[in-house]
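2 protein chains.
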Amino acid sequence: MAARALSLAPSLSLPSAITRSRAPLALRHLLRPLPRRLCLCLAAAARAQAHRPRALGCPTRHRGALIRGAGGAGGRQGGELGRRGSAMASSTNSTVAAELAVAAGRSGGVEPLPFVNDEHGGVIIEMVAPMDPGVFSASLKAALAKWREQGIRGVWIKLPITLSNLIPRVVEEGFWYHHAEETYLMLAYWLPNSTHTLPVNATHRVGIGAFIMNDKREVLAVQEKSGVLRGLGVWKFPTGIVEPGEDIYAGAVREVKEETGIDAEFVEVLAFRQSHQSFFDKSDLFFVCLLRPLSYDITKQDSEIEACQWMPVEEFAAQPFVQKHELVKYILEVGLTKVDKEYGGFSPITIKSAFTDKLSSFYMNRRDLDRASG
Amino acid sequence: MAARALSLAPSLSLPSAITRSRAPLALRHLLRPLPRRLCLCLAAAARAQAHRPRALGCPTRHRGALIRGAGGAGGRQGGELGRRGSAMASSTNSTVAAELAVAAGRSGGVEPLPFVNDEHGGVIIEMVAPMDPGVFSASLKAALAKWREQGIRGVWIKLPITLSNLIPRVVEEGFWYHHAEETYLMLAYWLPNSTHTLPVNATHRVGIGAFIMNDKREVLAVQEKSGVLRGLGVWKFPTGIVEPGEDIYAGAVREVKEETGIDAEFVEVLAFRQSHQSFFDKSDLFFVCLLRPLSYDITKQDSEIEACQWMPVEEFAAQPFVQKHELVKYILEVGLTKVDKEYGGFSPITIKSAFTDKLSSFYMNRRDLDRASG
Chain S
18 MAARALSLAP SLSLPSAITR SRAPLALRHL LRPLPRRLCL CLAAAARAQA HRPRALGCPT
78 RHRGALIRGA GGAGGRQGGE LGRRGSAMAS STNSTVAAEL AVAAGRSGGV EPLPFVNDEH
138 GGVIIEMVAP MDPGVFSASL KAALAKWREQ GIRGVWIKLP ITLSNLIPRV VEEGFWYHHA
198 EETYLMLAYW LPNSTHTLPV NATHRVGIGA FIMNDKREVL AVQEKSGVLR GLGVWKFPTG
258 IVEPGEDIYA GAVREVKEET GIDAEFVEVL AFRQSHQSFF DKSDLFFVCL LRPLSYDITK
318 QDSEIEACQW MPVEEFAAQP FVQKHELVKY ILEVGLTKVD KEYGGFSPIT IKSAFTDKLS
378 SFYMNRRDLD RASG
Chain D
18 MAARALSLAP SLSLPSAITR SRAPLALRHL LRPLPRRLCL CLAAAARAQA HRPRALGCPT
78 RHRGALIRGA GGAGGRQGGE LGRRGSAMAS STNSTVAAEL AVAAGRSGGV EPLPFVNDEH
138 GGVIIEMVAP MDPGVFSASL KAALAKWREQ GIRGVWIKLP ITLSNLIPRV VEEGFWYHHA
198 EETYLMLAYW LPNSTHTLPV NATHRVGIGA FIMNDKREVL AVQEKSGVLR GLGVWKFPTG
258 IVEPGEDIYA GAVREVKEET GIDAEFVEVL AFRQSHQSFF DKSDLFFVCL LRPLSYDITK
318 QDSEIEACQW MPVEEFAAQP FVQKHELVKY ILEVGLTKVD KEYGGFSPIT IKSAFTDKLS
378 SFYMNRRDLD RASG
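Residue numbers (this note's numbering), protein chains in the order written: chain S, 18 to 391; chain D, 18 to 391.
By construction, these hints were calculated from the structure, which means they are not laboratory data.
Warning: the hint list may mix true and false statements.
Note: identical chains are not told apart, hence a pair may lie in one copy or across any two.
What the hints assert, rightly or not - Taking lysine-lysine and the DSSO-like style, the derived pairs with C-alpha atoms no more than 27 Å apart in a straight line are:
(1) 233 - 274
(2) 317 - 375
(3) 375 - 346
(4) 242 - 163
(5) 375 - 175
(6) 158 - 317
(7) 317 - 369
(8) 233 - 375
(9) 274 - 242
(10) 242 - 358
(11) 375 - 158
(12) 346 - 369
(13) 375 - 341
(14) 175 - 163
(15) 163 - 274
(16) 274 - 317
(17) 175 - 369
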């Protein structure tokens, strides 16, 4: 089943900076409460609507989203087209609301579901307030029927963990799980009679390993309290997992500080390793980072680290474990080549999207670029 | 809430190849049905047990897992310790089964839940067969009480989408969502009175962009049917998302073939870009790949690609869109530096873990390594 989501993912071309740079905007609407003044305006606008949706179980920020979100439909075109799209989608929303209100009579209990239009011709429902499962089912059926008529494509439903009782009702309608975080589950459905082009879930965790050497040719080495090497007296490089939303260079500096107390400056990504089936079928990208120490007194982290020291690199390299472990051998090789000879790793610069103010980090071989440009 | 999982993730040091190389093993037990002969042995063993767990709703592969999984408890120590751990955990499992059987009398309906021990002092329950929610709740409460006494740490519950009716019962016990894929939800809980050290969910999607030039200094360029550039006549590099379990170099070759029909050979990763909030708060790693064309006749993919051509690189670079888009400008710069001058990117080699037969790809600046080694 999973393959279904995957094989189609490329058609969204998410990695294109262009598409991706806009993607989060619609979602931010969901998360950002409206300023009070705007809420009042929206409330007034809502009162003025011929078919005003019943707002039961629909908190202000969603009434807001319901109307604001309409703009999202045209977001993809941008500019003037965007405004046209917005007008179109506003009428769409009020029509849906109207239909739901009418349907209420038939189905004996239908409520408008809080949704926003996304930028790909789909809608995103974010449930926040509890709803009777029966009423929720009827409301969802009515909305799906309407959206199918209107040619809506993807339908997303975000359910907080507090509303897990609604999950079976969503699954009944043919939705599948897209992803989950600690506090919510996101379900997805594709209305057209075609294979879906919804983006895949995240596939990788990102980790770092730190090669950090002082001017006595000692590398910073640790023994971990957990893992297969626990209790075996093996010295390894500090490693860690980059936190969500954290840059690789920042994660490397943070991990070294947390595990060893050493302040360090990020220099370069010297190499990276991609592996699969790392945890629950997920993949892993592990970046080998060269750091320059800014302090030398070790304060080890007791919870994770058994021991920590500045260790002569030859002694580190002589460990039997290093000899039989290709990853560690190569980390040593690129690290020492960088320190002793000539090795061009990737260092980051901050770049800006052409379409939003969003910044990202671009890692490249700047030494060679600088040489080439004379 | 999410921060809770995150800030603690490093303590598992998952990116360490050592830890990670073993991690998937316990999980494979879950997925691999037992050979028939082993099942018979296990059935016999089960019959011989004083307190035989009722196997209702517990398919063979889980009876198997119940016993096999016991070995996992000692997996972390390995060797002799591993065998000791195994014995210990076997008795643990049968004790739990016994307790559950006894508890059945009290709670009026408790069934053993199919579980395996993981390699970190925790257990993984994988539900497959339907179970009455009330019985499931009682069984889970009884198991958690027992595991708490025994000092079990993390508890994982994998629920297929077909058993979504059980999710509220798991959430009632204090579990949170760890991750979800199309067909299942994984919930997690931490029994000790301490902050958990369970690994984080996947945080990144991985995409590729292809810089591919023929000997007439023409780059392979496409116009996409979706995205913000749709209909604007902008030419871009082929991009795509790497599929789960797919290597970056393979994904780049596949995407180029799918979108343009061009056969190409992977040469190097020239750079990469990390960005955040790319989709539903997830981050994105976008690898700029240099490919060498092996064929030249274009067959564009109608579903995603509006147009495709070999385009003189100067013409490509002259597009206003390229001028104002830093990412594309840098892709051009590193690509042309590689082609015309000297630029060391990262190329992959296959490396093997010291602890399993698992292979992974290590990307590094091989040109500089070769030069250094003379």
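To see whether the hints hold, each was checked on the structure:
1. 233 - 274: Only inside one copy: residue 233 and residue 274 sit 20 Å apart there, 51 Å across copies, limit 27 Å.
2. 317 - 375: neither (36 Å within a copy, 32 Å between copies)
3. 375 - 346: between (38 Å within a copy, 17 Å between copies)
4. 242 - 163: between (57 Å within a copy, 26 Å between copies)
5. 375 - 175: Within one copy only: 25 Å inside, 37 Å across.
6. 158 - 317: neither (57 Å within a copy, 38 Å between copies)
7. 317 - 369: Answer is neither; intra-copy 38 Å and inter-copy 30 Å both fail.
8. 233 - 375: So residue 233 and residue 375 fail the 27 Å test inside a copy (42 Å) and across (36 Å) alike.
9. 274 - 242: within (17 Å within a copy, 47 Å between copies)
10. 242 - 358: Cα proximity of residue 242 and residue 358: none, with 35 Å in one copy and 48 Å across.
11. 375 - 158: neither (37 Å within a copy, 47 Å between copies)
12. 346 - 369: This pair counts as between: shortest inter-copy Cα distance 11 Å, intra-copy 37 Å.
13. 375 - 341: Between copies only: 14 Å across, 44 Å inside.
14. 175 - 163: within (19 Å within a copy, 34 Å between copies)
15. 163 - 274: neither (55 Å within a copy, 38 Å between copies)
16. 274 - 317: Within one copy, since 9 Å is at most 27 Å while 50 Å is not.
17. 175 - 369: neither (30 Å within a copy, 40 Å between copies)
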